[in-house]
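Working from the sequences, and respecting the hints, build out all of it.
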Amino acid sequence: MATFEVLGRRKHSDPLVHAGQVHAADLDAALMLVRETHFRHEEGVEYAVVPSEHLHVLPDPSLLEHDVDMSYRQNHGFTPFGPKRERARAAAEARGRGELRRRPVPGRAGGAAEKDAR
Amino acid sequence: MSPETTPRTAAPTGRDLLPDLTTPLARLVLAVGDDELVTGHRASHWTGVAPSLEEDLAFATIAQDEVNHADTWYGLLVEDAADADRAVVDEIGLGREPDEYRHAALCAQPPVDFIHTIARHWLYDHFDAVRLGALAGSSHADVAGLSQKLQREERYHLLHADQWFDRLVGDADRGRGELVAALHDQLPLALWLFEPLEGEAELVELGLLPESSEQLRERWLEGIVAALEAAGIAADVLPDDLRPSYDEPAGRRGVHTDDFLVDVHPEMTHLHRTHPGATW
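Protein sequence lines correspond, in order, to chains W and S.
Heads up: the first sequence runs through residues 0 to 117, numbered per numbering that gives the first Met the number 0.
Heads up: the second sequence runs through residues 0 to 279, numbered per numbering that gives the first Met the number 0.
These aren't lab readings, by the way, just hints derived from the structure by calculation.
C-beta: ideal position from N, C-alpha, C; glycine also.
One or more of the hints may lead you astray.
[Stated by the list, open to error] Going by beta-carbon spacing under 10 Å, a handful of chain W positions derived as facing chain S:
(1) 24
(2) 31
(3) 34
(4) 36
In structure tokens form, the structure reads like this:
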């Protein structure tokens, strides 16, 4: 028996994502058995298996550790964006820039209408 | 309202629910449905004790599929799929006396061991594929439609059986010898899958069963003999007589072995007999 990694996609437009592992005698058996171990309840539209031994694992996981503050790489400065925008708008009005327009949000109701109006 | 003032007509229960099981359609449906029901019941034995967790899931699915297929075949004998008819389908599946079942003896074989079971399923699944292929051309629209649907489901069963067959044949240490013994043991019984159905001439004439059991057997033999020869085990496995006379009545005429009478039937119908009319 060998171990295989199982990947599947929920919809045809989705990427293959890891779904788990299966133990089987060979690739053909793994492909047959995964239908029941991981996809018996309509979990996806396609799946694949790969021998676990074919995974190349990062040999030195300490490369993932950060010794200094690298929070500047993270995007949480942009969240929560809504209250920050409201504060900026209030400050603009206080400076007499009350004409600062609400900008349409693409995809939201009213967004397209405002875009057309411009 | 008290029961005294309410005019009541007793709802039919138990055997009173059974439809006429002597019609041409019923004679066909019972042979096909009973094969599936008994095969599924025996297959469920492996739930929890198959050789690996993965195989356990695969085989449990096959067991469930077969019982579900029996259910859909019996469904052809009721008016429609209304809730009330569930009780009728259950009664057809579980409420008959042993001699009213029409499966072949192979289906009632005990599990013995996993290779023995795989050998039986290999023989049976190839038979099922041949029979469904013929029934897909039935003159009865519901029989043809259901057969086409089930053909798609049975592809997995066939894939499963063929893969095990190849794997066991390729295992010179142990698998090959045990498979040969199991096939040799069960092939004579498998030939009784093709015992003619009751009143088969009429079924063929009506086009309900587009091909006779004899024609189905010849097509089945063609496939399995070719596979056995390719595997180099035909001479070890095939009995001398591949075409029994079927003079003695057996499963297709309601005559069953103790495998069914003493083992399968009492166990399979236990819950239904103990709690008449129960739903779950």
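Cross-check of the supplied hints:
no.	hint	result
1	24	holds (6 Å)
2	31	holds (6 Å)
3	34	holds (7 Å)
4	36	holds (5 Å)
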